[in-house]
Every structure is written in C-alpha cells, then in structure tokens.
Amino acid sequence: MTFSYPGRSDPVLDGIDLELRAGTSTAVVGVNGAGKTTLVSLLSRLREPTTGRITADGVDLRELDPAGWQRTVAVVFQDPVRYPLSAYDNVALGAIEHHGDREGVEAVAERAGFAGVVEGLPHGWDTLLTRELPGGVDLSGGQWQRLALARALFAARHGARVLVLDEPTSALDVRGEAAFYERFLDITRGLTTVVISHRFATVRRAGTVCVLDSGRVTERGTHDELVAAGGTYAEMYAVQAARFAP
302 MTFSYPGRSD PVLDGIDLEL RAGTSTAVVG VNGAGKTTLV SLLSRLREPT
352 TGRITADGVD LRELDPAGWQ RTVAVVFQDP VRYPLSAYDN VALGAIEHHG
402 DREGVEAVAE RAGFAGVVEG LPHGWDTLLT RELPGGVDLS GGQWQRLALA
452 RALFAARHGA RVLVLDEPTS ALDVRGEAAF YERFLDITRG LTTVVISHRF
502 ATVRRAGTVC VLDSGRVTER GTHDELVAAG GTYAEMYAVQ AARFAP
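Residues 302 to 547, numbered by the numbering used here, are exactly what the sequence shown covers, in order.
No lab work stands behind these hints: they were computed from the structure.
Some hints here could point you the wrong way.
FRET-style restraints, in silico, Cβ to Cβ [unchecked claim]:
id : residue 1 : residue 2 : range
1  : Glu-411   : Ala-543   : 34 to 42 angstroms
2  : Glu-411   : His-499   : 26 to 34 angstroms
3  : Ser-441   : Arg-403   : 18 to 26 angstroms
4  : Ala-543   : Val-382   : 34 to 42 angstroms
5  : His-400   : Asp-380   : 21 to 29 angstroms
All C-beta atoms in this analysis are idealised placements derived from N, C-alpha and C, irrespective of residue type, glycine included.
Model the full structure from these sequences, guided by the hints.
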C-alpha cells in the first residue's frame, strides 16, 4: 500500500505491508515524518490509499460503509476533540446511541483514570467542560486525554473492535503516565489495538512492535527481540533509556 498527499510526488507510505492480528496489540514507532499519523488516518478511513488496499477479515475497506467501519474503530488522538458539553456527554459520545448506559460510562472512566477527575469537578458528571458557558470549567491536557480514552473505551463497550492510541500519554504527568503503563494490558485486553508512541515504556507492553521508516515497516517483533537484534529500534530505545540513567 502507498499513500501520497495531493500535490506531493514523494509518498508518505511507500509499499507498507502490515498485518494486525485480531485481539492483539501492535505498537508502531518511528522518527517524526515516518508516516505514523498518516497510517492512523488510513485505518480510520479519514483518507484512502493511493495504491493498494487495507482489508479487514479479507474485505477491502472501500467495499464497506465508511460510517459503519468508523463505528468499529475508536481512536484516541494526541490532541483529542474537546466538546463544549458535560463531562458525561463527552464520554457517552463514544457510542451516543447508548447515552443512557450510565453504569458503562462510569466503568470506562474508572479504567481510563478519569473517575478521579470527575470527583473533583464542581458538578460531577454534569459539569460543563468549557469556560465559555456559565458554570463551565476546562480540563488540563492530560485530563482531556484520559477523557478521550474513556470515550474510546465506551465505544469499545458497545461494539468497536479496533482501538487506536496516537501518543496517548503525551500530555500526562509522570504519575499519570506510569498509571497508564500499569493499566495498558487491562485497557487493551480483547481489542485489536494499535498504539503509536515515542515512549518506550508504553511500546514495550505491546505484543508486537513495528518500526516505520521512510514509509515502510523495516523491523517487526517483540520489544525484547528487537532490542536483541541491535537495529534501529534498539538504537532508539538506548537513546531514550540513557536519558533516565543515573
């Protein structure tokens, strides 16, 4: 599969070949500009491949109803959408037809680490998350990321099968990031998960790690296998690990 943006001759993704096995987690790493976020937009059908195809259970995504496919994919972007609605509505939008599932909303908030945030809001779940309306408040970047994760998990609770996490901890503080790492396997259990991150503490918990370089998958394996192989992944990991060495 290849993909080129309009007006650009050089492809962002160039002959990429990637298999995501159902019910497993795959981490995608690479330098800035390697095509990681473009891959997310293609998986969620915000864009279409220039050549080649993406299939789900052998069926070309272009043969599926776009809206129907997008309901099966829950995406947490690095900069999530901030709806000027109540905290409850912001989470329930993950599966709006199940808005009345309050038990579910509270359950996914707990899994995503957002329940504690709600407890601190002036009107709890009814608090408006915008300063532009009377009585409304805003959240920090990390709190919005936790909310976005809860929204994606609510979508998964009601039928979404694919979870895509694009730099899910970029705005979290050290404590929040560590808590996410500890919950990662629980959060993603049973889902086909794609996590894009430059933080190896998250990446190493995925079942498979893929290195994206110049629009292609150049390495694939577990964290331990790729470190032992001594290639690009091992170099990237060593550089990051050195920052935390005493």
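For each hint, the structure was consulted:
As the Cβ distance of Glu-411 to Ala-543 is approximately 36 angstroms, the hint placing it in 34 to 42 angstroms holds. Between Glu-411 and His-499 the Cβ separation comes to about 28 angstroms, which falls inside the hinted range of 26 to 34 angstroms. Under the hint 18 to 26 angstroms, the C-beta atoms of Ser-441 and Arg-403, about 25 angstroms apart, fit the expected range. The supplied range of 34 to 42 angstroms is met by Ala-543 and Val-382, whose beta-carbon atoms lie about 36 angstroms from each other.
Separation of His-400 from Asp-380 is about 25 angstroms and conforms to the stated range, judged on CB atoms against 21 to 29 angstroms.
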